[in-house]
Amino acid sequence: MDKIRVEHLSKAFDKAGVLKDVSFTVTDGEFLSILGPSGCGKTTILRILIGLETADSGTILKDGVDITDKPSAMRKMGIVFQNYALFENMSVLKNVTYALRNSATTKKEYDRASAEAKAKEMLEIVGLSEHMNKKPRELSGGQQQRVAIARTLALNPDVILFDEPMSALDVDTRLSLRAQLKDLQKQFGTTMIYITHDQEEAFAMSDRIMVMDAGVIHQLDTPQNIIDAPADDYVKRFVIKNINTKIKSLIQFARITDTGDSSEVGE
Amino acid sequence: MKQKFDIRKWKPSLALQVFLCVFLIVAVVLPLIRMISTMTAADVTSMMKSKRFPKALRQTLYVGAVATAISVSLAGALAWAVARTTIRHKTVLNTLLSVPMLIPSISHGMGMIIILGKNGWLSRFLGLEAGVYGFWGIVIGSVMYSFPVAYLMLYDVIRYEDGTPYEAAEVMGLTAKDKFFAITLPYLRKPLISVIFATFTMIITDYGVPLMVGGKYLTLPVMMYQDVIGMLDFGKGAVIGVILLVPVFITCILDMTNRDKGNAAFVGKPYRIRDGKVRKIVAWILCGLVIVAVFLPIGSFAVLGFVKKYPIDMSFSLKNIRQAVNMKALDYLKNSLLIAFVVSTVGTVFAALNAYMTARNKTKLSYVLHLMSITSLAIPGLVLGLSYVMFFKSSPIYGTFAILFLVNMMHFFSSPYLMAYNTFGKINENLEDVGSTMGIGKFKIIKDVILPLSFGTMAEMFSYFFVNCMMTISAVSFLANVTTKPVALMITTFEGQMQLECAAFVSVLILGVNVLMKCAVYIFKRVMNKKETA
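Chains P and H supply the protein sequences, listed in that same order.
Those letters in the first sequence? Residues 1 to 267, per my numbering, in order.
Those letters in the second sequence? Residues 268 to 801, per my numbering, in order.
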């Protein structure tokens, strides 16, 4: 069943078209990645989906209901930003309880005690029980991102949108957070839309990938199909070439480490 | 593609931006236009043909250039001494070096008279019978008054310099001279230009120091003050006002185009300060000498306020206090406190609101609002005061406290606005978006997150408005009357009556109030920091 259906979405900033008649669907419980270079319109799609930006034309349906003009908070969607967007003056625990006690969808449900219990549960799930009383600035980037994820999950959204959540993190943290995100998706069954310009990340995590450029969708398919049957030259160039380069560099890396010459290691 | 008109975008942020723009137009732009339009061709011609004007213009620029060169060099040397050596008690040194910022410029001029005037104790000690008046009097007084501002700006720049290039230079074996020319100078170039412009503007638009010690050495602000206050010649005053705006606007535009786009803010690694006995000794000597020089005039007028008749009878007396009180010093102090509290409170809220709308609600209009908000930085107080006289003369607020609140708020608006703008700009840009997706309104996010993160800045903004309102004598000099007169204007009155002792007492009074305010802000910030880290 379609969780999200986007039809003929268009958006222009200062007369420059950022999205050009974009249509796609996301199925319930799916992990969809939107992949493309900077400025291709992927963040704009995300902001329109959650209601932070309005489209010039087009409709958005969620569970078959038109939500195009619904206020952001009424869409039952959550968002995780690249820069975490945590409340720096509050402790990790308070970041989650504050959201629960003030969010339009949950504030009637939770009193102080139940909000705290729920927040602790969510922080335990993301592995931050020991850091609940710390301020966000005392945590690493990966830990801060997990607080943002816990805060979003606590509000029990139907769909979570991720705006390049790992681009500021180091490789090790990215790898562990990737695995954790997939586990969370399985555990909660939440539909996730994930924006990235990192092909490797998209291919490793997604059920389907939407390849975009200049406001247009070039291909929306499973990772395997994109590799096996790229829809056009752009997909071939942008995706396949990068994957080949990555494989080549991995092979080169393996050769170098075999011979013990580390000075030649590239990116 | 044609964009759809979206009514939701119209409320409430855009409406507020429109309101703020209109307010700034009425409070800054229209008065200036009124002043400019008041000038007649006859005023301009007579001014240009007069002998006084070209001389005053030349002298203003000359004295400004020399005083700026000395002030910025001294500030640079001090900033190096404090930021680049391992001397201790840096906070204390910074506080002591900023004390001159707490008294009116005219008090610096008065300090000069007490120390280096005809009967100054240092002139007599050094045998300088004529005293230091005229060009060098203005230069020394202006340096005293302007160097703390230049120092604080340069100290911040030097303190936050990235240490990585120096480490690379160390590895490459560059000499100290090479490092200075290859790393330090290019890094300092842009901020240094900003500091030079700010100092130059401050000096050439001040009338306090030249009025006190200028003697026959006439500068444009003094000429404007004399034409307007002495001869009620508003037309000529307006011509000088416009001319004063020209160099100030040029420096302001140059400064804005020269300003770093923020790349310099990136610090890979803090600069590693080298330890060394000689460096520390040099730094202590320099700081010590400057602090003594700073406190000589302050100490002198603190003493002067309590002597019978300087320099004839130096016995202790409360006569000056009695005389100042008889001349309503306490009433005028109340006026100043009222003005300072109202302007600080309303000004801080207004500047913060403006900054929020420009730093966190980026639209085309917010850019216009930002430009208007920083405009008042380029308008000398005297010019703003005169333009207010001309624009508000027939309005009900003329002659009331309301016009003094407004003129002071606009005169000192830009710096606190920029403080808030920088702070709000550094706070995570997605907070309101996250709130919006959760159904938490902007106002609640501001109240619960953004304001608590900006308490320190708010306190500094409040204190900036307060301190400046307490000591300003520029814009208010054209607008205050016997009922609304602020206490700082008593200094010019006493100076006119040759009652230096009473003027000294008023300066001490202003300094005392400002020191108390600075202490209150310091304590408030400490308490908030403790709460924050608890």
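Please note that the accuracy of each hint is not assured.
Said to hold, decoys possible - Heads up, simulated DSSO-like pairs for lysine-lysine below, C-alpha to C-alpha not over 30 Å straight-line:
no.	chain 1	residue 1	chain 2	residue 2
1	H	714	P	135
2	H	711	P	76
3	H	357	H	798
4	P	236	P	76
5	P	134	P	76
6	H	629	P	70
7	H	709	P	70
8	H	709	P	120
9	P	15	P	70
10	H	318	P	108
11	H	357	H	547
12	H	711	P	108
13	H	798	P	135
14	H	792	P	94
15	P	118	H	798
16	H	631	P	20
17	H	797	P	94
18	H	714	P	118
19	P	118	H	709
20	P	120	P	135
21	H	357	P	94
22	P	120	H	797
23	H	798	P	134
24	H	357	P	107
25	P	107	P	20
26	P	134	H	547
To be verified - Across the chosen pairs, the derived CB separations fall in these ranges:
no.	chain 1	residue 1	chain 2	residue 2	range
27	H	718	P	108	46 to 52 Å
28	H	282	P	21	30 to 36 Å
29	H	667	P	13	44 to 50 Å
30	P	129	H	719	24 to 30 Å
Don't read these hints as lab results, they were simulated from the structure.
No residue lacks a Cβ here, since even glycine has one placed at the ideal position from N, Cα and C.
A quick look at each hint next to the structure:
1. 714(H) <-> 135(P): holds, 19 Å
2. 711(H) <-> 76(P): The given pair, whose Cα atoms are some 20 Å apart, holds under the 30 Å limit.
3. 357(H) <-> 798(H): Distance ~24 Å between residue 357(H) and residue 798(H) Cα, so the pair holds.
4. 236(P) <-> 76(P): violated, 36 Å
5. 134(P) <-> 76(P): The hint holds at about 29 Å.
6. 629(H) <-> 70(P): holds, 23 Å
7. 709(H) <-> 70(P): The hint holds at about 18 Å.
8. 709(H) <-> 120(P): holds, 26 Å
9. 15(P) <-> 70(P): holds, 25 Å
10. 318(H) <-> 108(P): It is violated: about 79 Å lies between the C-alpha atoms, which goes past 30 Å.
11. 357(H) <-> 547(H): holds, 12 Å
12. 711(H) <-> 108(P): holds, 17 Å
13. 798(H) <-> 135(P): Distance ~12 Å between residue 798(H) and residue 135(P) Cα, so the pair holds.
14. 792(H) <-> 94(P): holds, 23 Å
15. 118(P) <-> 798(H): holds, 26 Å
16. 631(H) <-> 20(P): holds, 24 Å
17. 797(H) <-> 94(P): Distance ~18 Å between residue 797(H) and residue 94(P) Cα, so the pair holds.
18. 714(H) <-> 118(P): holds, 25 Å
19. 118(P) <-> 709(H): With Cα atoms ~25 Å apart, residue 118(P) and residue 709(H) stay inside 30 Å; holds.
20. 120(P) <-> 135(P): holds, 15 Å
21. 357(H) <-> 94(P): Status violated; Cα separation ~36 Å.
22. 120(P) <-> 797(H): Between residue 120(P) and residue 797(H) the Cα gap is close to 26 Å, so the pair holds against 30 Å.
23. 798(H) <-> 134(P): holds, 14 Å
24. 357(H) <-> 107(P): Distance ~49 Å between residue 357(H) and residue 107(P) Cα, so the pair is violated.
25. 107(P) <-> 20(P): violated, 38 Å
26. 134(P) <-> 547(H): violated, 39 Å
27. 718(H) <-> 108(P): 46 to 52 Å: violated, 26 Å
28. 282(H) <-> 21(P): 30 to 36 Å: holds, 33 Å
29. 667(H) <-> 13(P): 44 to 50 Å: holds, 47 Å
30. 129(P) <-> 719(H): 24 to 30 Å: Cβ of residue 129(P) to Cβ of residue 719(H): about 26 Å, so the range 24 to 30 Å holds.
Comparing the model with each earlier hint shows violations of hints 4, 10, 21, 24, 25, 26 and 27; every other hint is respected.
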